[in-house]
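Work out the full structure, taking the sequences as your base and the hints as a guide.
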Amino acid sequence: MLDKLTSTTLNYKTFAVSLTASALTPASSLHPCRRRKETRRFMSLLAFSAIMSVSLFVSSAAQVRIKGNPGRFQTIQEAVDAANPGATVIVHHGVYAENVTIGKSLTVRGVGHPLVAPATGIPLMVDNPAGSVVIEGLDINTPSGQPGIFYDGLSDDDANLGVVRNCTITGGQTGILARECDLKIRNNDISGFSGSPSSRGLLAIGLGSATQIVATHNRIVGQPVAGNLGMTIIAASIRIESNDVRSTFLSAIQVFQTDGVVRLNQLTDNRVGINLIQSPSCLVENNVVESTDVFTASMNAQNLPVGHVRVADASNNAQIRNNTLIEATWASHSWGARAW
Amino acid sequence: MVIDSNIVRDTVNAGSIRGVGISVFSSSTGAEAHNNNIEGNASFGMLVDGASGVVNATNNWWGAGDGPSGVGAGSGDAVGANVNFSPFLAAPNPAAGA
Numbered sequence: 007m008l009d010k011l012t013s014t015t016l017n018y019k020t021f022a023v024s025l026t027a028s029a030l031t032p033a034s035s036l037h038p039c040r041r042r043k044e045t046r047r048f049m050s051l052l053a054f055s056a057i058m059s060v061s062l063f064v065s066s067a068a069q070v071r072i073k074g075n076p077g078r079f080q081t082i083q084e085a086v087d088a089a090n091p092g093a094t095v096i097v098h099h100g101v102y103a104e105n106v107t108i109g110k111s112l113t114v115r116g117v118g119h120p121l122v123a124p125a126t127g128i129p130l131m132v133d134n135p136a137g138s139v140v141i142e143g144l145d146i147n148t149p150s151g152q153p154g155i156f157y158d159g160l161s162d163d164d165a166n167l168g169v170v171r172n173c174t175i176t177g178g179q180t181g182i183l184a185r186e187c188d189l190k191i192r193n194n195d196i197s198g199f200s201g202s203p204s205s206r207g208l209l210a211i212g213l214g215s216a217t218q219i220v221a222t223h224n225r226i227v228g229q230p231v232a233g234n235l236g237m238t239i240i241a242a243s244i245r246i247e248s249n250d251v252r253s254t255f256l257s258a259i260q261v262f263q264t265d266g267v268v269r270l271n272q273l274t275d276n277r278v279g280i281n282l283i284q285s286p287s288c289l290v291e292n293n294v295v296e297s298t299d300v301f302t303a304s305m306n307a308q309n310l311p312v313g314h315v316r317v318a319d320a321s322n323n324a325q326i327r328n329n330t331l332i333e334a335t336w337a338s339h340s341w342g343a344r345a346w
Numbered sequence: 015m016v017i018d019s020n021i022v023r024d025t026v027n028a029g030s031i032r033g034v035g036i037s038v039f040s041s042s043t044g045a046e047a048h049n050n051n052i053e054g055n056a057s058f059g060m061l062v063d064g065a066s067g068v069v070n071a072t073n074n075w076w077g078a079g080d081g082p083s084g085v086g087a088g089s090g091d092a093v094g095a096n097v098n099f100s101p102f103l104a105a106p107n108p109a110a111g112a
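Residue numbers (the working numbering), protein chains in the order written: chain A, 7 to 346; chain B, 15 to 112.
Hints in this document: simulated from the structure, not taken from any laboratory.
Please note that a few of the clues may not be correct.
Just some of the chain A residues that point at chain B, by a computed CB distance under 7 Å [claimed, not checked]:
#1 V231
#2 N292
#3 A324
#4 Q325
#5 T330
In silico contact screen, one side only, chain B against chain A (beta carbon under 10 Å); selected entries [what the hints assert, rightly or not]:
#6 V22
#7 N50
#8 A112
Quick list of the computed label-pair ranges, beta carbon to beta carbon [what the hints assert, rightly or not]:
#9 Q229/A - A104/B: 44 to 54 Å
#10 A105/B - I283/A: 33 to 43 Å
#11 A216/A - N70/B: 44 to 54 Å
#12 P108/B - Q263/A: 31 to 41 Å
#13 G233/A - P108/B: 32 to 42 Å
#14 A109/B - P76/A: 54 to 64 Å
#15 A65/B - L213/A: 32 to 42 Å
#16 A109/B - Q263/A: 23 to 33 Å
Given the structure is predicted, the values throughout are model-derived calculations rather than measurements.
Beta carbons: idealized from backbone N, C-alpha and C, even for Gly.
In structure tokens, the structure reads:
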């Protein structure tokens, strides 16, 4: 569509220029009446040319549209506001220095990886939508101290599954923050997050087993800064599968009061691989946990033994099976998975 | 808590902290570990504190065909007290691991 629009733009400009050129007939060779007539013609052509230029400028600069709607918008927020519930907002390649808030059921689809990069605040906020919101194909540069995407379901009352997929999120304090919502997080690339006292690639806070969090095929790269974790899921039913989490300062995957499955993840160069806390019904299987870092003596004040699998609450029903936990060595490795 | 068919290997000692493959502590009664390949861990393949009772850890590979060392009589990874390690696997479990 954009290509077609650009092509049309060029044709219009060519047309305007050719008309303008044809109007530049040597004035001295004309009769005075003919000269006045030619002048009026020239002025009208000039005005037409100016009008065409303005309209073409708007068309070519507009980067956002609503699928099935001829309108064009300069910002994502304008399109979101204009869209009806259930619509798809198409965001074309470009840089959008804005904060976007979505409060209705929508799909926001990036084409050509447009970049959302506000100077301050949350780049993309989903605020208690009445229905599902799908965010896909966006690149997001997150200001310091903020989440890149904040999906707030406010009590999870709509029971619809939101989706964040195929996004690249860098910087900020949290890549994706989900609160009280069902969310499917797939195939995102999250990195560069840091902040005090903690920072995470993904932080999901649910309301118990009714909250569904599915995180699959994401790549999360942490940093060697205090409080840095790959993902933390609190009070939810989970499926954490086929993610690549590496280089975090603390846990690659931390789940708290959660049930579900953690499987097929590749966890490399983290201090702790998988940390189950008060999660008695989790199944942890087919993960590869390697090169986990050492817990320091101060963090292990009771001088408890360091182990790959550490059990301090065996009365629960968690199962740890078919994992490969390797390469725990001095100065760079310690717990592969622990459960308590 | 069931720990089954994992590969758990190559922990090392870190100063005063011991490298242990699987540790069970804090009155964690009821843990079971089976069909795991446990080897190359610097201090213990499995360590259980006194308050956690006896852990059923039968049919694991301890890194040697003659079974675990420590409390055990073999030459594999060491096990401490309160580990029921017999019978043990005489060869690694090919189905273990991811």
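Q.
I'd like to know which numbered hints this structure contradicts. Please list them from smallest to largest.
A. Result: hints 1 and 11 break, sorted rising.
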